[in-house]
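Final position of the sequence shown in numbering that gives the first Met the number 0 is 222; the numbers increase by one with none missing.
These are computed hints drawn from the structure, not numbers from a lab. It should be emphasised that the depicted structure is a prediction, and the values quoted were computed from it without experimental measurement. Each hint should be verified, as a subset may be incorrect.
Straight-line C-alpha distance at most 20 Å; calculated SDA-like pairs for lysine to any residue [said to hold, decoys possible]:
hint : residue 1 : residue 2
1    : Lys-208   : Asp-173
2    : Lys-44    : Thr-95
3    : Lys-148   : Gln-198
4    : Lys-52    : Lys-66
5    : Lys-130   : Ser-74
6    : Lys-107   : Ile-125
7    : Lys-52    : Asp-173
8    : Lys-66    : Phe-156
9    : Lys-130   : Ile-72
10   : Lys-52    : Asn-82
11   : Lys-204   : Gly-163
12   : Lys-204   : Asp-215
13   : Lys-194   : Gly-149
14   : Lys-208   : Asp-99
15   : Lys-208   : Val-96
16   : Lys-52    : Asn-17
17   : Lys-204   : Phe-156
With beta-carbon atoms standing in for the labels, derived distance ranges [unchecked claim]:
hint : residue 1 : residue 2 : range
18   : Asn-17    : Arg-60    : 38 to 46 Å
19   : Ser-86    : Val-190   : 34 to 42 Å
20   : Gln-119   : Leu-61    : 30 to 38 Å
21   : Ser-86    : Phe-62    : 41 to 49 Å
22   : Met-144   : Ser-16    : 42 to 50 Å
23   : Lys-207   : Ser-88    : 30 to 38 Å
24   : Asn-17    : Ile-125   : 37 to 45 Å
25   : Ser-75    : Lys-194   : 28 to 36 Å
26   : Gln-198   : Ser-16    : 51 to 59 Å
27   : Ser-167   : Glu-41    : 37 to 45 Å
By construction, the Cβ of each residue, glycine as well, lies at the ideal position given by its N, Cα and C atoms.
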Amino acid sequence: MEKLSCMRELSIFEGLSNKELLMVPSFAKGRLYEGGEILFNEGEKMEAIYLIKSGQVKLSRLFKNGKEITLQIISSDQVLGENALFSDSEHAFTATVVEDAFICACTKQEFERLIDEYPQVGLKIIKTLGKKLEQFTKRVDSLAMYDVKGRLINLFFHLSEEYGIESSKGVTIDLELTHQDVAEFIGASRVMVTKALSQLEGIIKHNKKFMISEPDSLLSLIS
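Modelling step: build the complete structure from the supplied sequences, incorporating the hints.
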């Protein structure tokens with residue numbers, strides 16, 4: 000039942016009835032990963048698909064100049080490594096657990112058999128890939144178009160949309176991010192991020208999480 004529970008609560012399997020879930024081969028093997036553990040490294044062969052049940056995983060890429068750029072942080076109810084279904088190539092980024100996570104994994108071949116039997120799961124995977132590509136494209140555009148302050152504003156706006164929790168005081172980004180974490184998102188140094196944050200009003204840090212008083216007004220500062 001532990002293997003079945005790896006699948007039951009994930010949104011990509013919402014189209015399957017309980018009876019269908021019971022018919023799905025028990026292929027997903029789940030375990031708890033601690034913060035700092037690496038799921039796979041950039042350049043390694045794609046061999047598995049990961050289903051994130053809880054926790055957070057950072058996707059990052061190391062460039063030739065030695066600078067690491069954070070591409071995305073993914074959290075519960077998301078799929079990772081789905082590119083393996085469409086390619087025999089290598090991982091384009093490194094996946095590191097940043098917050099203790101329970102993750103289920105299965106081989107490419109096992110997941111392909113599942114999609115053959117339940118095509119609606121494959122359609123949801125394609126939608127997930129499309130969304131990630133859009134996010135990566137926006138990140139690259141931001142790095143090319145804006146200075147540090149502009150990239151910082153753009154980052155917080157998009158994080159507030161994806162991870163924001165609204166309250167009477169504003170929107171809290173539901174990620175525990177240090178200034179170094181933010182620096183890796185926007186391709187800057189920690190010192191530059193600290194300086195830029197000090198020049199921005201309406202962005203504060205509370206209980207290790209950033210809070211934005213008026214997210215909708217952020218983009219007007221760089222438009």
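**OP:** Provide an ascending list of the numbers of those earlier hints which the structure does not satisfy.
**Re:** 4, 8, 21 and 24
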